[in-house]
Amino acid sequence: MFRNQYDTDVTTWSPTGRLFQVEYAMEAVKQGSAAIGLRSRSHVVLACVNKAQSELSSHQRKIFKVDDHIGVAIAGLTADGRVLSRYMRSESINHSFTYESPLSVGRLVVRLADKAQVCTQRSWKRPYGVGLLVGGLDESGAHLYYNCPSGNYFEYQAFAIGSRSQAAKTYLERRYESFQESSREDLIKDAIMAIRETLQGETLKSSLCTVSVLGLEEPFHFLDQESIQKVIDTFEKVPEEEEDAGEGEAEPEAAPVAAGTGEQGGSGDQDVAPMEM
Amino acid sequence: MTFTIQIENGTEVRNAEADSQRTLYPYVTGTSVVAIKYKDGVLMASDMGGSYGSTLRYKNIERMKAIGKHSLLGASGEISDFQEILRYLDELTLNDNMWDDGNSLGPKEVHNYLTRVMYNRRNKFNPLWNTLVLGGVKNGEKYLGMVSMIGVSFEDNHVATGFGNHLARPILRDEWREDLGFEEGVKLLEKCMRVLLYRDRSAINKLQIAKMTEEGVTVSEPYSLKTFWEFKAFTNPTVGAEGSW
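Chains as they are written, first to last, in the UniProt record's numbering: chain A, 1 to 277; chain B, 1 to 245.
Chain A extracted, bound-state conformation:
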């Protein structure tokens, strides 16, 4: 994408019918570190890569609990993500208070999307620079939605956002048909394997990722490091062999391959602006 004379204002259309500021906001999402969501009939798993600013700091929180039955994973400007999570928590709790019953996920994402749309149609605002993977469970089953800065939202069986998410998406595309009937354990395993795809050569350790689950009779919660490591151990033990463990390009001890695939967060992490994670 190159600069042009129609990209200064979010309220300026280009002659080809594009709003460049909105598209630039979506670029910000691609710069954030990866977040992945998958769902089955009864469970939703959200996972993300932990990236820390420096060795001295702790990693950014990218997955938030919205309610017992809804969680959200973000990629992009974390500050925007935090503010939107607070909005979602507020909407959810207000609904619970008035109706004594959990807010359905579909209604929540619509409110979120409408909020994002407002920012694409005001000259004094800017679009939110964060993509949200909203996973939740309600009367009509388990759902996974992706809300993007443009104000659009889509429902998915599985999705990945952020840098190097294409690798994860490739993995998920191959396996998504089995997700609907997957067991909880298989779903978690698939999520962690998808995370591994985005690391592209780096050894997968439980400290590098955060995984959260929610399901029927299982309120939203994070998996602890031990449980994650146990799942990793089930497939990281066999580096050369190709099981059904994805593309199996697991070269555990090899030097991290600096694989910047084209448009996907093209330059390495050094060029990531500090406010984006």
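Treat the hints with caution; some may be incorrect.
Unchecked claim - With a Cα cut of at most 30 Å, we get these calculated DSSO-like pairs of lysine-lysine:
id: 1; chain 1: B; residue 1: K142; chain 2: B; residue 2: K65
id: 2; chain 1: B; residue 1: K39; chain 2: B; residue 2: K187
id: 3; chain 1: A; residue 1: K115; chain 2: B; residue 2: K108
id: 4; chain 1: B; residue 1: K187; chain 2: B; residue 2: K69
id: 5; chain 1: A; residue 1: K189; chain 2: A; residue 2: K30
id: 6; chain 1: A; residue 1: K65; chain 2: B; residue 2: K108
id: 7; chain 1: B; residue 1: K108; chain 2: B; residue 2: K69
id: 8; chain 1: B; residue 1: K138; chain 2: A; residue 2: K65
id: 9; chain 1: B; residue 1: K69; chain 2: B; residue 2: K232
The hints are simulated quantities; they were obtained by calculation from the structure and are not laboratory data.
Chain A is already provided as a structure; the job is to place chain B on it using the hints.
For chain B alone, kept in the frame of chain A given last:
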């Protein structure tokens, strides 16, 4: 704080204060509503009278209405406030229908919404002068609850409003069972309504019974109860009274 409203030539004379806009007394009122849970769902009964003070002015008022697919609302008290509440609930159900996304308001949600509305109005000293009974069945779960004009809200296996509290509930406490069949349930409600008919001056002999089950909600056509007025105590009320001979 003034408590009177003068209406002359259709305009309010003393209306400088917001007081004149608040509900102070009820005008057209409905009497008791009685409801019970039974084997397949919930049954509710109410008569069709609307009293204007001591005059039984309106005799065709439906005091029970279906809300959405799963619930039924019965009200005693000010009829115009009941109609206002129906309007609020209409907006809610229309919203649900518009979304058409597989989610629908169940009786628990409606009951809680009404509790919030009633309590908030009470806090502003502008109550909706009703006692509401909310019943319904959703996903196999039976629900029966009540909200009063001051926001007191609870659920129970059998509820009654107004005079029903004093005359019907004792009967229900003795004779209600978890596994009442439909006919038994109707008979029990009719027994309560008959007592109310004899003893509540604002009751009329024209009632409806509503049935809520998993299949849906139906309100019966109006009908009357058989009554017997030749009891000796009715024909000769003062025989044996204190101080008589």
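Each hint tested on the structure:
{"no.": "1", "hint": "B:K142 x B:K65", "in the structure": "holds (17 Å)"}
{"no.": "2", "hint": "B:K39 x B:K187", "in the structure": "holds (14 Å)"}
{"no.": "3", "hint": "A:K115 x B:K108", "in the structure": "holds (29 Å)"}
{"no.": "4", "hint": "B:K187 x B:K69", "in the structure": "holds (26 Å)"}
{"no.": "5", "hint": "A:K189 x A:K30", "in the structure": "holds (24 Å)"}
{"no.": "6", "hint": "A:K65 x B:K108", "in the structure": "holds (25 Å)"}
{"no.": "7", "hint": "B:K108 x B:K69", "in the structure": "holds (13 Å)"}
{"no.": "8", "hint": "B:K138 x A:K65", "in the structure": "holds (28 Å)"}
{"no.": "9", "hint": "B:K69 x B:K232", "in the structure": "violated (48 Å)"}
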